[in-house]
Amino acid sequence: MIELFKQPNIDWMGKAKYFFGLSLLLLIIGWTSVFLKGGPAHGGLPYSIDFKGGTNVDVRFAHPPNVDQLRSALSQQGLGASEIQAISDDAIPGAKANEVVISLEQKGQTDQALDTSKAQVLTALNAIYGQSNSSHSDFNAATPASLTAFLTTRDPLLLTTNAGDRYQQLAKQILQYRDKSSDGVLTNFDDLSQVAGVTPQVLASLKDGYALGPFTIRNVEIVGPKVGAELRLQAVYVTLYALAGMLVYIAFRFEWVYGAAAVLAVFHDVLITLGFFSLLHFEISLTVIAALLTLVGYSMNDTIVIFDRIRENNRLLRRESFADVVNKSINQTLSRTILTSGLTFLTVLVLFLMGGQVLRAFSFALVVGIVVGTYSSFGIAAPLVVAWVNWRGQGAAAGAGPAAGSKARGSDVAPGRLAPAGRRS
Amino acid sequence: MTPNLKWKALFILAVILGCILFLIGLPKFPPTSLADIKDNFAHQIKLGLDLQGGTHLILQVQVQEAIAQDTDQTVQRLTDALRAKNISYTEIRRIDDTHILVRGIDPAGLNTFRDIINAQYSNIWDLSAAAGQDGGYTLSLRDAAKAQIQESTMNLSLETIERRINALGLTEPTIQLHGRNDNEILVQLPGEGDPTRAKAVIQEAGQLELRLVEDPNVYTSQADYMQKHGGILPPNTELVPGTASRTVNPADAGEAWYVLQRSNIITGRDLRTAVENRSVNNPGSYQVNFTLSPDAAKRFGPFTEANKGRQMAIVLEKRVYSAPVINGRIDDSGEITGSFSQQSAHDLAIVLSSGALPASIKYLEERTVGPSLGADSIRHGVQASVLSLLVVMIFMLFYYRLSGANAVLALILNLVILLAALAMFGAVLTLPGIAGVILTIGMGVDSNVLVFERIREELRNGKSAASAVQAGFDKAFLTIIDTHVTTVVSAFFLFLFGTGPIRGFAITLTIGLIANVFTAIYVSKTIFQYHLAKMDRQAELSI
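Chain order of the listed sequences is U and A. The first sequence begins at 187 in our numbering and counts up by one. The second sequence begins at -8 in our numbering and counts up by one.
I should point out that these hints are in silico values taken from the structure, not numbers from a laboratory. C-beta atoms are modelled at their ideal positions from N, C-alpha and C, and glycine is treated no differently. Careful: at least some of the hints might be erroneous.
Unchecked claim - Sample of chain U residues facing chain A (criterion: CB under 7 Å; computed from the structure):
(1) K366
(2) G370
(3) T373
(4) N374
(5) E407
(6) P411
(7) V413
(8) V491
(9) L520
(10) I524
(11) L525
Unchecked claim - When the alpha-carbon atoms are kept at most 25 Å apart in a straight line, the in silico DSS-like pairs for lysine-lysine are as follows:
(12) A:K37 with A:K19
(13) A:K525 with A:K(-1)
(14) A:K(-3) with A:K525
(15) A:K353 with A:K137
(16) A:K289 with A:K299
(17) A:K454 with U:K514
(18) U:K366 with A:K29
(19) U:K514 with U:K203
(20) A:K137 with U:K412
(21) A:K309 with A:K353
(22) U:K514 with U:K201
(23) A:K466 with A:K(-1)
(24) A:K137 with A:K190
(25) A:K454 with A:K525
(26) A:K309 with U:K358
(27) A:K466 with U:K358
(28) A:K353 with A:K190
(29) A:K137 with U:K514
(30) A:K454 with A:K516
(31) U:K412 with A:K190
(32) A:K19 with A:K29
(33) U:K223 with U:K412
(34) A:K190 with A:K309
(35) A:K516 with A:K(-3)
(36) U:K412 with A:K353
(37) U:K223 with U:K192
(38) U:K366 with A:K37
(39) A:K137 with A:K219
(40) U:K514 with U:K192
Let's have the full structure, built from the sequences with the hints guiding it.
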């Protein structure tokens, strides 16, 4: 049997003050960054276009573009304030930057401006990289429909029957080659000869009718300013609702203290993760909110596993102090906690490294969140319950407060020390 | 093997086979080649716009316009009614979208006024004394009536947009109500690289009117007319802008203002068909020919007969496109000229034959994913899924040995059920959805680990293999349910909140978790029991 920990015997509760200190430190570091950068509403938390509105145009070039040239062309279109960010698929930034995202912020612009901004970006791009031979349409902008129409009209294969279907199939294959094998920007028509069905005749007519533009628009996002503000509020609400839902569920399955401690711990995870987003300037998008909510659910798992064990041990070990019971419970579940969190951490790490730039911020939230979430289940949630039980226990012993006194039922079961629930035997 | 175990095994086998059949065996059954399997799979697992490429538009219908229009009509009808009964008043006007102010009603006619309101308006409007206005009343549109206008406006907009998009011939569009505000519509156009044209066609109001021209002269501006006529318009007329020459492009021609009658003879609703055609008079350009519905034709014939020799303006989107002279009786056809290209004439014909929008439309959001980005995302998603699956599997096999194989089997089954369930519900796989699949892999083994660690503990406490397995599953069961419920709770709120890709993620995660309870508990336990039944009683469990 391979084991990570052979009967660990760590006094977790004795170290609670260090855990609280560490959490406080992490919170302070992260949220100092948030407030130094302008507070949560004004740039301290880097919102993506989903939440702040604006225009993003993602362009991939055949060769790394000259950013200065691009910037001056954008300025000529009155888009001097736009931001140009080079992106790459590798997790290490700036590895190969053939791709840029041009972002225009939405500051009190009208609906028309929203619509024209995309056209202006395109004009600027065409000004630098545009085709001199404008009678040829750009192959890198061709759609399946337009290419099918082109091939059907030219009929390079001299098809007599079923020409429409055959050319549609061919167009699909050609464009698949362009989009998958050459990343959306074809640089040489002759590469297409690898595609099944592309005869020299087909190639010739493509060369004759099309030109190869040096860039392709990969992604366009235009979000009105109203949408963003609304969503931001909703994101906060939905997180709070989810937390409230869990509070109720755990309170129902355990006790209110446990629910409160678990929810506080998870809230702490979310705050620390957000702090990291501010610190490292990852953008908070809708998918990141999805990641945060998943995190809320996930880091709850570890906490519940520990709480479950506390409940069980509480019945078996009535002589021991509550802190010892909690310690024992954490120790007994430690290898499970480390194993599953470790495995989930590995999967999201893979996602972070290999998921491409679209999922980068999403997986970053999970990478940070899983580490913090695992730590907080024994570092925050469990000590909070212990602290509460001790406080109430002392209160009851000293007779401080009628509420505490009346709640202390039984002789050695302090309030919060889960009495046998009777649900399991 | 006990009969009970046999049935369990059969049931599990049936589920697996059912899922696999559903994923790769349909719709072409039986699949005879690898290409068939691929096709079937691609048919069953539908990809979201972010993976297959396409355009996603969210538009907002300006419903308040339709409500204000309705209020305006009420003002008009009320004015007419009071005039008909000879009740004098100081003014009747619309204050805002849903309120009308009536001021200075002749006290003698007050009862009649109330009767009119009670008889005709009281189910839609509330009458109350206007604050600070002596003898003044406010009519407020009831919320129920407002909601009704809102609903019919949204439905009409939805239908109109649907007709227009279908007429554009785009493949598999999605057009549906969207969001919580009850005034948004989501349009998804898969495979559409550049939505500029579709956007323009959707947004076009499509308001066509034919109106009589009151004054044969045209004016260069409103001020020009006012100056020449002492600032007075003939009754029931208005000045409408247009272009001086009907063959010149509106953009480069000078402004021309026409004096038109307020009432229209024909509106867009009276059209039966609209088609683009080559222009006869202006070669190389196009025009739109339309025909009228039989009802409208019955009105139009006599009308043109009676007004022979006068000019009739064709007003589109509140602009005069042309104002030809009526040469003779016209029954049911007409044309709109202007220098249209073939495409713009075609688009106009689509807009006209689909009918007018009840209110104008604003775009709130536009997202276009190019095909190469979608392909990239799929590649990354699949690579990451496969790699994380491998990492987890290798670890489980290494750490739990034979029992690890049990977990690996459960994990694979979990994924198969997840994909099959996605296909069955017609859920769309998005990029965050793929992330949900990966997360399911990570969280899926959590249940196995919980059970296995528990079994190990029981073994350490000296229990026999069989009772350790039994105790392990029993004790871990409630914990597993608890952990799953909390995650489902957060996925549920995510589903309520999110749209498109986010919902895809929430659905994937939830299905994955439910499938996980089945695989990690039921299936995994059955495998253990099967193994224990075959195993020597004294042998050690490989865990």
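We went through each hint and held it up to the structure:
With a cut of 7 Å, the hint placing U:K366 at the interface with chain A holds, because the nearest CB-to-CB distance is about 5 Å. Hint status for U:G370 relative to chain A: holds, with the closest Cβ pair at about 3 Å, below 7 Å. Because the beta carbon of U:T373 sits about 13 Å from the nearest beta carbon in chain A, more than 7 Å, this interface hint is broken. Because the beta carbon of U:N374 sits about 16 Å from the nearest beta carbon in chain A, more than 7 Å, this interface hint is broken.
A least Cβ separation of about 5 Å between U:E407 and chain A falls short of the 7 Å threshold, and the interface hint therefore holds. A cut of 7 Å between beta carbons decides the hint on U:P411: the least distance to chain A is about 10 Å, and the hint is violated. Hint status for U:V413 relative to chain A: holds, with the closest Cβ pair at about 5 Å, below 7 Å. The beta carbon of U:V491 is positioned within 7 Å of a beta carbon in chain A (closest approach about 6 Å), and the interface hint is therefore held.
With its C-beta approaching chain A no nearer than about 10 Å, U:L520 sits outside the 7 Å limit, and its interface hint is violated. Checking U:I524 against chain A by beta carbon gives a least distance of about 10 Å; that is not within 7 Å, so the hint is violated. About 5 Å separates the beta-carbon of U:L525 from the nearest beta-carbon of chain A, less than 7 Å, and the hint is met. Between A:K37 and A:K19 the alpha-carbon distance is near 16 Å, which keeps this suggested pair within the 25 Å criterion.
Distance check on the hinted pair: A:K525 and A:K(-1) sit about 16 Å apart at the alpha-carbon level, within 25 Å; holds. Among the hinted pairs, A:K(-3) with A:K525 is consistent with the structure: their alpha-carbon atoms are about 13 Å apart, no more than 25 Å. Distance hint between A:K353 and A:K137 is fulfilled; the C-alpha atoms sit about 21 Å from each other, no more than 25 Å. At most 25 Å may separate the alpha-carbon atoms for a hinted pair to count; A:K289 and A:K299 meet this at roughly 16 Å.
For the hint pairing A:K454 with U:K514, the CA-to-CA distance comes to about 21 Å; that is within 25 Å, so the pair holds. Distance hint between U:K366 and A:K29 is fulfilled; the C-alpha atoms sit about 17 Å from each other, no more than 25 Å. For the given pair, U:K514 sits about 18 Å from U:K203 by alpha-carbon distance, which is consistent with the 25 Å threshold. Of the pairs offered as hints, the one joining A:K137 and U:K412 holds, with about 23 Å between alpha carbons and a cut-off of 25 Å not exceeded.
This hinted pair checks out: A:K309 and A:K353 have alpha carbons roughly 18 Å apart, not beyond 25 Å. Note on U:K514 and U:K201: the hinted pairing holds, with a Cα-Cα distance of about 14 Å set against a maximum of 25 Å. Among the hinted pairs, A:K466 with A:K(-1) is consistent with the structure: their alpha-carbon atoms are about 21 Å apart, no more than 25 Å. Restraint check: the Cα-Cα separation between A:K137 and A:K190 comes to about 28 Å, which exceeds 25 Å; the hinted pair is violated.
Taking the CA atoms of A:K454 and A:K525, the gap is near 19 Å; set against the 25 Å cutoff, the hint holds. Between the alpha carbons of A:K309 and U:K358 the distance comes to roughly 43 Å, so the proposed pair goes past 25 Å and is violated. Under the criterion of a C-alpha separation no larger than 25 Å, the hint pairing A:K466 with U:K358 is inconsistent with the structure, at around 55 Å. This hinted pair checks out: A:K353 and A:K190 have alpha carbons roughly 10 Å apart, not beyond 25 Å.
Distance restraint check for A:K137 and U:K514: the Cα-Cα separation of roughly 63 Å exceeds the 25 Å cut-off, and the hinted pair is therefore not satisfied. For the hint linking A:K454 to A:K516, the alpha-carbon distance of about 17 Å falls within 25 Å, and the restraint holds. With a C-alpha separation of about 20 Å, the suggested pairing of U:K412 with A:K190 holds against the 25 Å cut-off. This hinted pair checks out: A:K19 and A:K29 have alpha carbons roughly 11 Å apart, not beyond 25 Å.
About 23 Å separates the Cα atoms of U:K223 and U:K412, which keeps this hinted pair within 25 Å; it holds. The hinted pair formed by A:K190 and A:K309 meets the criterion: a straight-line CA distance of about 20 Å does not exceed 25 Å. Note on A:K516 and A:K(-3): the hinted pairing holds, with a Cα-Cα distance of about 13 Å set against a maximum of 25 Å. With a C-alpha separation of about 12 Å, the suggested pair U:K412 and A:K353 falls inside the 25 Å cut-off, and the hint holds.
In summary, the hint linking U:K223 to U:K192 is not supported, as the alpha carbons are separated by about 46 Å, beyond the 25 Å threshold. The straight-line distance between the Cα atoms of U:K366 and A:K37 is roughly 19 Å, inside the 25 Å bound, and the hint therefore holds. A distance of roughly 44 Å separates the Cα atoms of A:K137 and A:K219; the hinted pair therefore is violated under the 25 Å criterion. Pair hint U:K514 plus U:K192 holds up; C-alpha atoms about 13 Å apart against a cutoff of 25 Å.
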